[in-house]
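The chain contents come next:
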Amino acid sequence: MHSRVAQHEPDPATLVAWHRALAEHADGLKSFAARMLGDSTAAEDVAQDSFLALYRHLEQVPVAAYRPWLYRVARNLCLDQLRRRKFKMSLFGDLSRDEDQPFVPGDTDNQRPDQIAETREANETIERAIDQLPAKFREAFLLCEVEGLSYEDASAILGCPVKTVSTRLFRARQRFKSLVSRLIKV
Amino acid sequence: MHCRTCQHELSEYLDGRLASGRRALVLDHLASCEPCTRFWSELERTRNVASRLSQHRVGADFRTRLFARIESGEGTPTAVFTEPVSIGARVRYMFVGAAAAAAVLAIASLLKDNGSERARGDEAMFVAQPTMPPSPRTAVEPKQAQFAGDLREPAYVASAAASPLAPRRQDAILTSVKPLTSDLLAVETARQFEQRHKWTSHCIALLDNGVADEPMVRKICDDADSLSRLGGVLAELRDAKRLSFGDPQVDSDLRVFVTLLDRDRLRQEGPSLASVREFVAPALRKSLSLSRLTTALSVTPSFDRGDEQQEVQRIARS
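Top to bottom, those sequences are chains A and B. Numbered according to this note's numbering, the first sequence spans residues 1 to 186. Numbered according to this note's numbering, the second sequence spans residues 1 to 318.
In isolation and in its complexed conformation, chain A is listed as follows:
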């Protein structure tokens, strides 16, 4: 649900900072949301809603806090969607989940077909492993390991102490390690 708001007037420096955040974090936010939701289209909407929310609160959010703020908002939106989806899933099953996951091949220009297939398989294994992590561990793993946020930022986003972030990340790594054990064998 969206309301209408009066337009306000950010100063040019703030507007520039917002534009920069848009350029730097849009892809990361979408990736985070996509792995939380397992749905690329919904993830793009979450990323867009997050930037819209930041735009409407530019005066209240310090520039240095843009990134954790955006991720926290995105997390709230994802959890809201997951909660709504829970009811639908119980009735119809999760039909959209696998089909919406796009395959991003990366740089395959110089790869042979068997290598491309191998890369694709590895990607799918990694994505599946992340998907299988419990929600709390997955959040910590995505924020710290994949998106490279600090423990402090992750703590602000997840609303838990830094030590809890560290513990969740450790447990997430343990599980992830066992799930992708085939890929990490030397």
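Don't read these hints as lab results, they were simulated from the structure. The beta carbon of each residue, even a glycine, is placed where N, CA and C say it ideally should be. Some hints here could point you the wrong way.
If you want the footprint, here are the derived chain A segments under chain B, 3+ residues with CB under 8 Å [said to hold, decoys possible]:
no., stretch
1, 24-30
2, 48-61
3, 161-172
Per the computed footprint, the stretches of chain B lying under chain A, defined by three or more beta-carbons under 8 Å from a beta-carbon of chain A, are [claimed, not checked]:
no., stretch
4, 11-20
5, 39-47
6, 58-67
7, 183-195
8, 223-232
Dock chain B against the given chain A, drawing on the hints supplied.
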């Protein structure tokens, strides 16, 4: 050191989070423990595997759609501020809340009885302990709502129309949201500068007529701070030849204004009538032509190119 502790700390070590004292202990243990050494090498390989994850890219029309939503005045989605609380937690809070309320009622009732006994003054005082002490979990409830409470609809919505003298909000830079180029920055900065210049000059005229109060003085100082910053951006854009002024008087007045309105000193002195008289008023009086700055403005057309973005961002942040 226990292997489990070591492995937990190796995870922190991987992120560069381990203090040097603990690091030495962990590395000592690692040198003599084969399972932990294996765990460490697996942890490093796991990180390499995770780094292979491809980044999702936003669609080509992501920005266009976002700007359209902003321009249409669409508000913040309500779910943004909805901190998710599980049903189990809600039930727990309900019981904790009920227990806390019962404890408060018990204390209040005992204190009331105690007061009436004291009034009679014929019996020894008796202070009862509450039958059910408040649980420390009661502290969790406000914490859950903290983030939601911090960020309701912005204060500017209510405050925008607070003063009839305030600059018009319809001319906000938001009405022309598009990729930030130097011409857009120049036009919008000039517009905001001119508005504030007129408004601050008006307030200073009121001050000269003896109409002054503390909020007005504070507002003048705030606007002077913005004027100084906006003037600096305009001066930088002019030096970078991204804009020019058709009227040479405006050009020289801008130089005078930026020099006279010393932002650092203004901040040091703080908002006061003396600061306004000493720093703000002289700068405004010697730059009267700046109240028609936009009519003299001429900008160099520019395109949204990556290299220019960097330059524009540097100027706007300077």
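Check, residue by residue, whether the stretch 24-30 of chain A contains three or more positions whose beta-carbon lies closer than 8 Å to a beta-carbon of chain B, and give the verdict. holds (count 4)
Mind checking, does the stretch 39-47 of chain B have 3 or more residues with a CB under 8 Å from chain A? holds (count 5)
Using C-beta distances, would you say chain A covers the stretch 183-195 of chain B, given that this needs three or more residues below 8 Å? holds (count 4)
Is the coverage entry for the stretch 223-232 of chain B by chain A consistent with the three-residue Cβ rule at 8 Å? Check passed, 3 qualifying residues.
If you count the residues of the stretch 161-172 of chain A with a beta-carbon closer than 8 Å to a beta-carbon of chain B, do you get 3 or more? holds (count 4)
8 Å C-beta criterion, at least three residues: is the stretch 48-61 of chain A covered by chain B: holds (count 11)
With a Cβ-Cβ cutoff of 8 Å, does the stretch 58-67 of chain B contain at least three residues near chain A? holds (count 6)
Closer than 8 Å Cβ to Cβ for three or more residues is the test here. Does the stretch 11-20 of chain B pass it with chain A? Three-residue rule met by the stretch 11-20 of chain B, so holds; n is 4.
In terms of the numbered hints stated before, the structure departs from none.
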